[in-house]
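Visitor: Sequence:
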Amino acid sequence: MKDWLAVHWVTGAMFMCGALLLVVPVVPGGAERIIYLAGPLYMLHQVEEHFGDRFRTYVNSRVFGVEALTVADVLWINLPGVWGINLLALYAAQWLAPGWGLCALYLILLNGIAHVGMAVALRGYNPGLGTGVALFIPFGILGLVTVPATTAQHLFGLAVAVLVHAGIVAVVKRNAARAAQVRGGEPGRAPPSAISP
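The opening position of the sequence shown corresponds to residue 0 in numbering that gives the first Met the number 0, with each subsequent residue numbered one higher.
Calculated from the structure, these hints are not laboratory results. Treat the numbers as computed from the prediction; the structure is a model and nothing was measured. Accuracy of the hints is not assured; some may be wrong.
What follows is a set of in silico ranges between Cβ atoms, one per label pair, in the way DEER data are often shown [to be verified]:
| no. | residue 1 | residue 2 | range |
| --- | --- | --- | --- |
| 1 | T149 | S60 | 41 to 47 Å |
| 2 | I140 | K1 | 32 to 38 Å |
| 3 | T56 | I140 | 17 to 23 Å |
| 4 | A169 | R122 | 21 to 27 Å |
| 5 | K1 | A133 | 29 to 35 Å |
| 6 | T150 | G11 | 34 to 40 Å |
| 7 | V132 | G51 | 16 to 22 Å |
C-beta atoms are modelled at their ideal positions from N, C-alpha and C, and glycine is treated no differently.
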């Protein structure tokens, strides 16, 4: 199953993105629509980022020099991780209050900023930078100023996004250290903002 998903999940994301965008006109407007759009926009980003295993290959070769980001990591991060968080955020926005869905917007905004940070640190393009700059940062900011939310809801959304990114960095650095031990060397040092889902 993992091998099948590894080959096909990005193509699936491309088609799901298109399908989800086609139903936008029937999605209730306002804050719920903004939270809803986080899902297909993230899928569009994933196509740029992961098509042809580009991001994993980039991180492993350019940032760490060892296999720090595995195929399993990419699948866990993007499928139950990103897609799951976006779905839960949409449910929370619909059934509780729009502000409880802000984690989807903070996740998008932090991811866009992480791609910019990586581009600055490594002085060049990284897979996902285009949609990170053109879509994620403006959409994240627009959503955060548009969706009505309390301070507690903002803090909760930000905390979820920070914890997700911190967890990814921790896993990837652990993998890099293990891979370097096997090779008998030191892993490359990633800049703090170098890894994003």
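Visitor: Against this structure, judge whether each hint is valid.
Guide: A quick look at each hint next to the structure:
Distance hint for T149 and S60: a CB-CB separation of about 44 Å, consistent with the stated range 41 to 47 Å. Restraint check, I140 to K1: a C-beta distance of roughly 36 Å satisfies the suggested window 32 to 38 Å. Between T56 and I140 the beta carbon distance is about 30 Å. The supplied range of 17 to 23 Å is therefore violated. Distance hint check for A169 and R122: the Cβ-Cβ separation is about 25 Å, which falls inside the suggested range of 21 to 27 Å.
For the hinted restraint 29 to 35 Å between K1 and A133, the CB-CB distance of approximately 32 Å keeps it satisfied. Taking the beta carbon of each, T150 and G11 are about 38 Å apart, inside 34 to 40 Å as hinted. With their beta carbons about 20 Å apart, V132 and G51 fall inside the hinted range of 16 to 22 Å.
Checked against the numbered hints given earlier, the structure breaks only hint 3 and satisfies all the rest.
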